[in-house]
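J.: One-letter residues, chain by chain:
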Amino acid sequence: MSIDPIYGLVLAGGASKRMQRDKAALRYRGKTQLERAFEVLSQHLSRVFVSVRADQTSDPTRAHLPMIVDSVEGSGPIVGIRSAFAAHPNVSWFVLACDLPFFSEALIYPLVRARDAHGLAESLAIAYKSAHDGLPEPLCAIWDPAAAPVLADYQAAGGRCPRKFLIRHGAHLVDLPDPRALDNVNTPEEYSQAAASLDNLASMQLKIQYYALMREQAGRSEETLETSATTPADLYIELAARYGFTLSREQLKVAVNSEFSDWSRKLAANDAVVFIPPVAGG
Amino acid sequence: MSFRFTQTAIDTAAARRELQDLGSGGYVCFEGWVRDQNEGQEVTRLEYEAFQELAVKEGERIVAEALRRFPVKHALCIHRVGSLGLGDMAVWVGVSSAHRGEAFDACRFIIDEVKHRVPIWKKEHYRSGNSGWVNCERCAAEPQHSHEHPHRVASNP
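Chains as they are written, first to last, in the working numbering: chain A, 1 to 282; chain B, 283 to 439.
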């Protein structure tokens, strides 16, 4: 999986007008949304930056993170994206808005895989298809360097909306693994609902080990994972979406804590899970 | 330990000594070797990998089952992991017994069950430069394939 030339950009320069509070500083499960977004991207991308306005560089929510300060005229997400291309012109950017509390690492690899399979030659971005209206979601998307000059022209002509930009210029669209995954929060009511929903989401740490074909497709032999999956069956759906496993669940067995297990067993915190592809000893 | 792994060549003389018993009238062994072709492809080497913690438990269960099913004295299975060349021994099964019939039966039972049940995988490297995990790459194209029956189609050795 060629993930190296993709950097991450968390957009945190917004005015948060309807929220009347800085959306980057809203807390979910004890962390600010900016920290959560930055941490998830940092686990999978080689470099991640926070996009800020010039007057935000000493803001305590942002100051401790690597920043890209707006360097082109105007305001809005397109300015942040263009400033990122100005700072590092030859990389693709995984652009992520700061008001998506349900964003998780499960949303990184489907885009990366689509980019590897499809290439960016024919579209300026790889984006999710909105579960609400089928339109591109520009602020959880991989933007290609070829988009930079086109964005400059679009902005010069008065354009401000990255979604309209992608509708006009074409994005390769990918289905969302979970229709709610990109629900955003704009109002205090939406924030309290999202925070409560994330608090209720019982998540736990599991240890996953990978062998043989699974190890090659996951690109690792083990990992510790924070997940809301409650059974091996759910966990396999989550990991298959992330890593693109070619084997279907029916072809596998599963072991929990070094013993064969049922797929519907209730997992407990710190369980060690191994998916067992068809064996071939002897 | 009635089932174990080794990273280096299997010492069959030492393994055979573990089975010796004055009450045994003989012993049967099976050696699995790395073959130079599989399914029409020229094989150059194999890599074996195991989920050892579970594999040893399952392997010991298989040997215990064999000792219950057949009136034999001792049984042992040793499987190699790592990179193996053509002709190398990948697996050894030995059974000692008062009489030969049950020794053959128990030996056959153990190797068949080990191939079917123990979490061990092998990756074949071909003369063409390609490689593939045996029983996995083929299954990926046949999603109806399941574990309900043994994977014996592409067994090597």
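In case anyone wonders, no lab produced these hints; they're calculated from the structure.
Glycine residues also receive a C-beta, built at the ideal position from the N, C-alpha and C atoms.
Keep in mind that a hint or two might mislead.
[Stated by the list, open to error] Lysine-lysine pairs mimicking DSS-like chemistry, simulated, CA-CA at most 30 Å apart:
#1 A:K207 - B:K339
#2 A:K129 - A:K164
#3 B:K405 - A:K164
#4 B:K397 - B:K339
#5 B:K397 - A:K207
#6 A:K266 - A:K31
#7 A:K266 - A:K253
#8 B:K355 - B:K405
#9 A:K266 - B:K339
#10 A:K17 - A:K31
#11 B:K405 - A:K253
#12 A:K266 - A:K164
#13 A:K207 - A:K17
#14 A:K266 - A:K207
#15 A:K207 - B:K405
#16 A:K164 - A:K207
#17 B:K355 - A:K17
#18 B:K339 - B:K355
[Unchecked claim] Chain A is faced by these chain B residues, among others (derived, beta-carbon under 10 Å):
#19 M283
#20 G305
#21 Y309
#22 C311
#23 D318
#24 K339
#25 I393
#26 K397
#27 R399
#28 I402
#29 K404
#30 G411
#31 E419
J.: The structure should be examined with respect to each hint, and the outcome stated for every one.
T.: Okay, the hints, checked on the actual structure:
Note on A:K207 and B:K339: the hinted pairing holds, with a Cα-Cα distance of about 20 Å set against a maximum of 30 Å. Note on A:K129 and A:K164: the hinted pairing holds, with a Cα-Cα distance of about 13 Å set against a maximum of 30 Å. Simply put, B:K405 and A:K164 have alpha-carbon atoms about 49 Å apart, too far for the 30 Å limit, and the pair is violated. At roughly 14 Å between alpha-carbon atoms, B:K397 and B:K339 fall within 30 Å of each other, so this suggested pair holds.
For the hint pairing B:K397 with A:K207, the CA-to-CA distance comes to about 27 Å; that is within 30 Å, so the pair holds. For the hint linking A:K266 to A:K31, the alpha-carbon distance of about 28 Å falls within 30 Å, and the restraint holds. As the CA atoms of A:K266 and A:K253 are separated by approximately 16 Å, the hinted pair is consistent with the 30 Å bound. Taking the CA atoms of B:K355 and B:K405, the gap is about 35 Å. The hint is violated against a cut of 30 Å.
At roughly 23 Å between alpha-carbon atoms, A:K266 and B:K339 fall within 30 Å of each other, so this suggested pair holds. Note on A:K17 and A:K31: the hinted pairing holds, with a Cα-Cα distance of about 21 Å set against a maximum of 30 Å. For the hint pairing B:K405 with A:K253, the CA-to-CA distance comes to about 19 Å; that is within 30 Å, so the pair holds. Of the pairs offered as hints, the one joining A:K266 and A:K164 is violated, with about 45 Å between alpha carbons and a cut-off of 30 Å exceeded.
A distance of roughly 41 Å separates the Cα atoms of A:K207 and A:K17; the hinted pair therefore is violated under the 30 Å criterion. Distance hint between A:K266 and A:K207 is fulfilled; the C-alpha atoms sit about 15 Å from each other, no more than 30 Å. Only pairs whose Cα atoms come within 30 Å are accepted, and A:K207 paired with B:K405 is accepted, the gap being roughly 25 Å. With a C-alpha separation of about 42 Å, the suggested pair A:K164 and A:K207 falls outside the 30 Å cut-off, and the hint is violated.
For the hint linking B:K355 to A:K17, the alpha-carbon distance of about 81 Å lies beyond 30 Å, and the restraint is violated. Distance hint between B:K339 and B:K355 is fulfilled; the C-alpha atoms sit about 20 Å from each other, no more than 30 Å. The closest approach between the C-beta of B:M283 and any C-beta of chain A is roughly 16 Å, which is over the 10 Å cut-off, so the hint fails. At about 29 Å, the closest approach between the beta carbon of B:G305 and any beta carbon in chain A exceeds 10 Å, and the interface hint on this residue is violated.
Taking 10 Å as the C-beta cut-off, the interface hint given for B:Y309 is violated, the closest approach to chain A being about 20 Å. Using the Cβ-Cβ criterion of 10 Å, the hint placing B:C311 at the interface with chain A is not satisfied: the shortest such distance is roughly 14 Å. Checking B:D318 against chain A by beta carbon gives a least distance of about 17 Å; that is not within 10 Å, so the hint is violated. Given the 10 Å rule on beta carbons, the hint for B:K339 holds: about 7 Å separates it from the nearest Cβ of chain A.
With a least beta-carbon distance of about 6 Å to chain A, the hint placing B:I393 at the interface is held under the 10 Å criterion. Nearest Cβ of chain A to the Cβ of B:K397: about 4 Å, under the 10 Å cut. The hint holds. Taken as an interface hint, B:R399 checks out: its beta carbon lies about 7 Å from the nearest beta carbon of chain A, inside 10 Å. A hinted interface residue such as B:I402 counts as satisfied when its beta carbon comes closer than 10 Å to some beta carbon of chain A; here the least separation is about 3 Å, so the hint holds.
The restraint placing B:K404 at the interface with chain A holds, with a minimum CB-CB distance near 5 Å, inside the 10 Å limit. Residue-level restraint check for B:G411 is violated (minimum Cβ-Cβ distance to chain A is 16 Å; threshold 10 Å). Given the 10 Å rule on beta carbons, the hint for B:E419 holds: about 7 Å separates it from the nearest Cβ of chain A.
The structure is inconsistent with the numbered hints 3, 8, 12, 13, 16, 17, 19, 20, 21, 22, 23, 30, although it conforms to all the rest.
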